[in-house]
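A.B. asks: Spelled out from the first residue to the last, the chains are:
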Amino acid sequence: MKTIITGSDRSFLNVSELKRYGGLFKYLSLRDVFVRYKQTWIGFGWSIIRPLINIVIFGCLSFLVDKSQNFTDNFLRVSAGIVFWQLLSTAISEVSNSLVSNSNILTKVYFPKLILPFSSLLVCLVDFMIAFIIFLLMFIIFKGLPPWQIIFLPLVVIYGLVFSFGVGLIFATASVKYRDVKFILPFIIQILFYASPVFLSSKFILDLNIPAFLKVIYQVNPLAYFLNAFKYCFYGTFESYNALYFFISLGITFLIVVFSVRYFLNFEKSFADYI
Amino acid sequence: MIMGRISIKVENISKKYQLFHREKNEEASLLGSMASGLVNVLKGKRNKSSHEDFWALKDISFEISQGDRVGVIGRNGAGKSTLLKVLSRVVKPTTGRIEFEGRMASLLEVGTGFHGDLSGRENIYLNGSIMGMTKREINARFDEIVDFSEVEKFLDTPVKKYSSGMYVRLAFAVAAHLNSDILIVDEVLAVGDASFQKKSLGKMETVSQESGKTILFVSHNMGQISALCNKGILLNKGKIETEGNIQSIITRYFNSGESQAQTQTEFACPNDPSKNLAITKITLLDKNKKNVRSFAHDEEISIAVTVTKNSSLKDIILGLFFSDMMDKKVFSVQLPVSDKFDIHNERVFILVVPMATFTPNTYRISAALHIPNIQMIDDRPNAGSFEVYDNGSDFYKYAGLDIGMVFVNCKWEF
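Chains W and V, in that order, are what the protein sequence lines are. Take this note's numbering: the last position of the first sequence gets the number 275, and nothing is skipped along the way. Take this note's numbering: the last position of the second sequence gets the number 689, and nothing is skipped along the way.
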């Protein structure tokens, strides 16, 4: 096997190489999971407590603002939003941090760097699974078994992860050179939180007396579709579904992922010089 | 594996870094610099700085055959580490081309990716996979790794609880069991206590003699280099100064650049008639009668002392002693010289110190002419100095350890 390195090398998506580093992917993912709650007293209990605190805060808040539903229904709906939102937002921030937090490896050994953002996804999924199981139990207790639409759930989760991965990858690449990302990111995630139907329903927002262009932005927000699709899996109705906006947000997701991977690969070879 | 095939081919590799310089009229205080930073942000100006190109490597070309063990030598900042980083694909060369054959593993650091919260066992798998081993390869060598590291009892303890010695031993153990055709090692052996250094170096030797593995090795310890390597590359300021046989490269390295050695000293011939004899010159010579300042430990050292006679005097002794830089005397020699002058008024006495006398270190020579216990005629303390470097002695593994000042060829009986 011959390897050639030249000064004008550009990275490309080398799937066979990524496969060869499958073991590394596995161990890095497991490392993140094992280390996540090390030296905490509550341990993985945190993956329940963190969404729980948010559910209580935003459940109460949405009940005060939007009185169209009864208390339990409202809490379940907010829970669904928060549990899925937590997956998307942690995925975005974990992927964004994945390069800088592994700079000690990045500067010492060669491997396809795409492994790092990829491997940071597992820990988000584990957190999500724990919170999700609790949510599912609550749902079954109060509402009974979910409808047949629940079979779409894996698709929705994967779609959401792909989007978060793309967004995170852009930030991850930028943060190699500009640590400003670390400071901007929490605000962006906060804005996305309020710009998506996490605790207030899409219907409530669209009925508000706000400029029309804001409503358009709100509707093409891919996150809005993931969250509503997630709720669709449990309630069987797709809140404020609009085929045009759906395809636009699908297109946005696609563009973000393609752009992020290209941006990443363009700079991959200089990471060690800048990080 | 066929020996002699090209394993690594490097063509015109250069690596440029940019050095940023702040403008001189910078505020000295933290508050001042924060204030000026704020002003710059408000004015929409970036922090004023100029940059300068710095070539860490410039037009490096060489070829390494399969099975060669190449020592990369150079002073600090010569570009050794950059070269290894470029070769191991951690950083991209600015220009040039590298071709290599087979699997490459690089050890720029021991314990890359070790996580303090993970146990020794988990870290073996994590670190092994970072180094490019598959799970099957790690499984196959797991027991060997644990054996070598001597941390079996603590395998399930988080490594942050390890002593630094244990940590390093485990890290090196993983690295030493890498499976690759090319191995790149950057001075990682300078770790651990003396006995572990010896063990790890022994392991490196075994590894290097395994089926035609190509090795690139950076170290400041010439003893290690000459024991491990058969070829050498001498780097100087990002360029290759010479390459070739390791011994000639090491000699070249020691005889280039600045050094505190003082290899030739001339003294003015005293006009004072009371000084009827004087030492006028002391020169250090290698076996080819060339004036050098560093010697391999297994090389003869010649010291030429020129003595000038004004009038005759009886019972005069030429004495020389050697001392280390701490002024601890190593040994002395003497020679009666009165009867050695026949018709000449000047004579050169050459003292030949047999090979393998001094252990690697820097030594000073002092010389004197005297009549024992009666008169000091000419005293020349610290008139010259020289370095002895390790050329692969039995003791090279104990770099930095005090092994005494002389080698003595003793006999064992058992």
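Keep in mind the hints are simulated off the structure, nothing from the lab. The structure displayed is predicted, hence computed values, not measured ones. Be careful, since some hints might not be right.
What follows is a list of derived Cβ distance ranges for each label pair [claimed, not checked]: (1) K2(W) to K291(V): 36 to 42 Å; (2) I275(W) to D431(V): 31 to 37 Å; (3) F152(W) to D334(V): 56 to 62 Å; (4) K436(V) to S103(W): 37 to 43 Å.
Capping the alpha-carbon separation at 30 Å, the derived lysine-lysine pairs in DSSO-like fashion look like this [stated by the list, open to error]: (5) K177(W) to K564(V); (6) K284(V) to K182(W); (7) K269(W) to K589(V); (8) K19(W) to K604(V); (9) K269(W) to K2(W); (10) K177(W) to K67(W); (11) K556(V) to K514(V).
We treat Cβ as the ideally placed atom computed from N, Cα and C, and that holds for glycine.
A.B. asks: None of the hints should be skipped; say for each whether it holds.
C.D. replies: Going through the hints against the structure:
Taking the beta carbon of each, K2(W) and K291(V) are about 26 Å apart, not inside 36 to 42 Å as hinted. At roughly 33 Å, the beta-carbon separation of I275(W) and D431(V) lies within the given 31 to 37 Å, and the hint holds. A hinted range of 56 to 62 Å holds for the C-beta pair F152(W) and D334(V), which are about 60 Å apart. Judged by the Cβ atoms, the range 37 to 43 Å given for K436(V) and S103(W) is violated: they are separated by roughly 24 Å.
For the hint pairing K177(W) with K564(V), the CA-to-CA distance comes to about 57 Å; that exceeds 30 Å, so the pair is violated. Between K284(V) and K182(W) the CA atoms are separated by roughly 41 Å; this puts the pair beyond 30 Å, and the hint is violated. Proximity of K269(W) to K589(V) is assessed by CA-CA distance (about 78 Å); at most 30 Å being required, the pair is judged violated. Proximity of K19(W) to K604(V) is assessed by CA-CA distance (about 64 Å); at most 30 Å being required, the pair is judged violated.
A distance of roughly 19 Å separates the Cα atoms of K269(W) and K2(W); the hinted pair therefore holds under the 30 Å criterion. In summary, the hint linking K177(W) to K67(W) is not supported, as the alpha carbons are separated by about 47 Å, beyond the 30 Å threshold. The hinted pair formed by K556(V) and K514(V) fails the criterion: a straight-line CA distance of about 37 Å is larger than 30 Å.
Of the numbered hints stated above, those contradicted by the structure are hints 1, 4, 5, 6, 7, 8, 10, 11, listed in ascending order.
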